[in-house]
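*Asks:* Here is what each chain is made of, one letter per residue.
2 protein chains.
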Amino acid sequence: MSTSSFSARNLLLVSSSRFDGGEMFGHCQAAVQAHFAGVSKVLFIPYARPDGLSHEAYTAGIATAFNQMGIEVVGIETYADPKAAVAAAEGIFIGGGNTFVLIRDLYENGLIKPIRTRIAEGMPYMGSSAGSNMAGMSISTSNDMPIVYPPSFEALGAIPFNINPHYPRSEDNRHMGESRDQRIREFHHFNAQPVVALREDGLLKIQGNSIALHGNLPVRIFHQGKTPEDLMPGADLAFLLEE
Amino acid sequence: MSTSSFSARNLLLVSSSRFDGGEMFGHCQAAVQAHFAGVSKVLFIPYARPDGLSHEAYTAGIATAFNQMGIEVVGIETYADPKAAVAAAEGIFIGGGNTFVLIRDLYENGLIKPIRTRIAEGMPYMGSSAGSNMAGMSISTSNDMPIVYPPSFEALGAIPFNINPHYPRSEDNRHMGESRDQRIREFHHFNAQPVVALREDGLLKIQGNSIALHGNLPVRIFHQGKTPEDLMPGADLAFLLEE
Numbered sequence: 226m227s228t229s230s231f232s233a234r235n236l237l238l239v240s241s242s243r244f245d246g247g248e249m250f251g252h253c254q255a256a257v258q259a260h261f262a263g264v265s266k267v268l269f270i271p272y273a274r275p276d277g278l279s280h281e282a283y284t285a286g287i288a289t290a291f292n293q294m295g296i297e298v299v300g301i302e303t304y305a306d307p308k309a310a311v312a313a314a315e316g317i318f319i320g321g322g323n324t325f326v327l328i329r330d331l332y333e334n335g336l337i338k339p340i341r342t343r344i345a346e347g348m349p350y351m352g353s354s355a356g357s358n359m360a361g362m363s364i365s366t367s368n369d370m371p372i373v374y375p376p377s378f379e380a381l382g383a384i385p386f387n388i389n390p391h392y393p394r395s396e397d398n399r400h401m402g403e404s405r406d407q408r409i410r411e412f413h414h415f416n417a418q419p420v421v422a423l424r425e426d427g428l429l430k431i432q433g434n435s436i437a438l439h440g441n442l443p444v445r446i447f448h449q450g451k452t453p454e455d456l457m458p459g460a461d462l463a464f465l466l467e468e
Numbered sequence: 226m227s228t229s230s231f232s233a234r235n236l237l238l239v240s241s242s243r244f245d246g247g248e249m250f251g252h253c254q255a256a257v258q259a260h261f262a263g264v265s266k267v268l269f270i271p272y273a274r275p276d277g278l279s280h281e282a283y284t285a286g287i288a289t290a291f292n293q294m295g296i297e298v299v300g301i302e303t304y305a306d307p308k309a310a311v312a313a314a315e316g317i318f319i320g321g322g323n324t325f326v327l328i329r330d331l332y333e334n335g336l337i338k339p340i341r342t343r344i345a346e347g348m349p350y351m352g353s354s355a356g357s358n359m360a361g362m363s364i365s366t367s368n369d370m371p372i373v374y375p376p377s378f379e380a381l382g383a384i385p386f387n388i389n390p391h392y393p394r395s396e397d398n399r400h401m402g403e404s405r406d407q408r409i410r411e412f413h414h415f416n417a418q419p420v421v422a423l424r425e426d427g428l429l430k431i432q433g434n435s436i437a438l439h440g441n442l443p444v445r446i447f448h449q450g451k452t453p454e455d456l457m458p459g460a461d462l463a464f465l466l467e468e
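These protein sequences, in sequence, are chains F and W.
Residues 226 to 468 in our numbering are what the first sequence lists, from first letter to last.
Residues 226 to 468 in our numbering are what the second sequence lists, from first letter to last.
Looking at chain F on its own, in the form it has when it is part of the complex:
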C-alpha cells in the first residue's frame, strides 16, 4: 500500500507520553482530546510493554490517564479476536515501550494490514514513542534495544517518512558511542526516506495532506545526503507528505 492511499489519514504522533517529568500526556492533553472528540471508546494496543508491564497493567495505566481527559479506553487484550477489535474500533492508540516487541506482536497477531486499512478509512490513530515509529515507513529509526527478533522492520507506512522520537535536547560529549545525528546519518546510507526527529514535547497532527507540529521546541528533519534542518511549530511541513 503506497502512502498516497492515505489521503483520509488522521494521525496524532507524539514523541513521548511525558515531558519534563510532568503528568502523562499533560503536555499534549488538548491535542489528544481534539483528536478523539466524538470517539466513544479508544482501542488501546499495549504490545510495546514498557518495563515489561503486562498488557492488563499497561492498559489500566493508560485508561486512568485518558479517563482524566474524558476519554474511554479498552485494551485489545480483552478481545478474543484482535483483528475484529481493530475492524470495529472508532479510534486506536498504540503506546510506547519497546518497538521490537510491539512490531513482533502486531505481525504475529496479523494486525498490520487491518490497522493500515482503518487508517486509510480515516479512523483517528494516535501513537506515542514506539507507536509513532509504527506510523512511519519502518522502525529503522527506533532508539530501542532489539530485545526480540521481529519478522520485519516494515511498519504501517501511513506517512512517507520515518519518525525518530525522544530526540535529545543536548548530547553528552564525553560519550564515545554514536550520537543520535550520526545514527540517523548512518540510516541514510541505507535508506532514502526523510526522518522527522521529534523532541520530547513535540507532536505531529496529520490530516490527509496537511501536517502541523505542536510543542515549543523545533523538529529536526533529516534528508538523505543533506544537512539536517530545524523547523519551529508553525513552519510549513507539507513537503514531508509529497511523494
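Be aware that a few hints might be false.
What the hints assert, rightly or not - EDC-like mimics (lysine to aspartate or glutamate), calculated; alpha carbons at most 20 Å apart, straight line:
id: 1; chain 1: F; residue 1: Lys266; chain 2: F; residue 2: Glu302
id: 2; chain 1: W; residue 1: Lys451; chain 2: F; residue 2: Asp276
id: 3; chain 1: W; residue 1: Lys430; chain 2: W; residue 2: Asp276
id: 4; chain 1: W; residue 1: Lys308; chain 2: W; residue 2: Glu333
id: 5; chain 1: F; residue 1: Lys451; chain 2: W; residue 2: Asp276
id: 6; chain 1: W; residue 1: Lys338; chain 2: W; residue 2: Asp306
To be verified - Not everything, but these chain F residues come out facing chain W in the computed CB check (under 10 Å):
id: 7; residue: Ala282
id: 8; residue: Gln293
id: 9; residue: Glu297
id: 10; residue: Thr366
id: 11; residue: Phe378
id: 12; residue: Lys451
By construction, these hints were calculated from the structure, which means they are not laboratory data.
Glycine included, every Cβ here is placed at the ideal spot set by N, Cα and C.
The hints should help you fit chain W onto chain F, whose structure is shown.
*Replies:* This is chain W only, laid out in the frame that chain F set:
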C-alpha cells in the same frame, strides 16, 4: 554450537575504540599488543562501517592505528573469498560501527560458522563495540539503530552472555526515553542470559574459562530478575563462563 565448545577461546572484547577523546586504542594498547603477539597479520572485518565509511577507508584507518602498535592489518574486502580469508587468518579483529549492518554482512557472506570454528580452535579474536556484541549470544543488547534488517539476531555465541558496550557513566535525568538499565531489564523479560555492560574504558580478556576485566571503572552485570551488580577490575568473574 554450545559455548562450552569454546574451551580454547582467546578473546579480547573492548567497549570502545576511544576513551575520553584519546587516541584510537590508546586506553588498551598493551592489551591489544599482548593479544596479537606472534600474529604476523590481523584480518580486519570492516562491515560495521561507522558513519557509513567504505570498507577500504575503514580498514585504512584501523591499519594506521594498529601499525603504530607494531601490528600488521589486512582488510577482508581485499580477498575474493572471505570464507577462505577467515579460514587462513592468524587473528581476527571486528571493528565497531552499526551492529545491524555488521551482522547482516556476516550472514550474507556466510562467515558466522567459519569465525565460530576459528575461535573454537583458539585463534585470537578481538572485537570493539559492535564487534564485542558479535562475540556474545545475540546482538539484542546492542545500542545501535536498526538501520538494516538482518536475517537473525543470533551472534557468534563464543561466550554464554551478552555484551552491552558504551555503558554510560551517568544518565541525563531530564530525558524521558528509556534509560540503559531499563532497556536491559526489558531485555530480561524475553531473554535469560546475563548481560555484561562495559563502560568505555573497559575490556574483557577471555582465555578458555578464565576472564579478566581491564580498565579503571567497574563493569555492571545484569542477571535476569536480580539487581545489577558493579564489579571492579580484579574481581572474580569466572561465574560468567559457567553454563
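*Asks:* Against this structure, judge whether each hint is valid.
*Replies:* Status of each hint after checking the structure:
1. F/Lys266 <-> F/Glu302: 15 Å, holds
2. W/Lys451 <-> F/Asp276: Holds - the C-alpha atoms of F/Asp276 and W/Lys451 are around 14 Å apart, at most 20 Å.
3. W/Lys430 <-> W/Asp276: 28 Å, violated
4. W/Lys308 <-> W/Glu333: The hint holds at about 11 Å.
5. F/Lys451 <-> W/Asp276: 14 Å, holds
6. W/Lys338 <-> W/Asp306: 15 Å, holds
7. Ala282: 13 Å, violated
8. Gln293: It is violated, given that the least Cβ distance between F/Gln293 and chain W is near 19 Å, above 10 Å.
9. Glu297: At about 26 Å, which exceeds the 10 Å cut-off, the nearest Cβ of chain W leaves the hint on F/Glu297 violated.
10. Thr366: 6 Å, holds
11. Phe378: 5 Å, holds
12. Lys451: With a minimum Cβ separation of about 14 Å from chain W (threshold 10 Å), the hint on F/Lys451 is violated.
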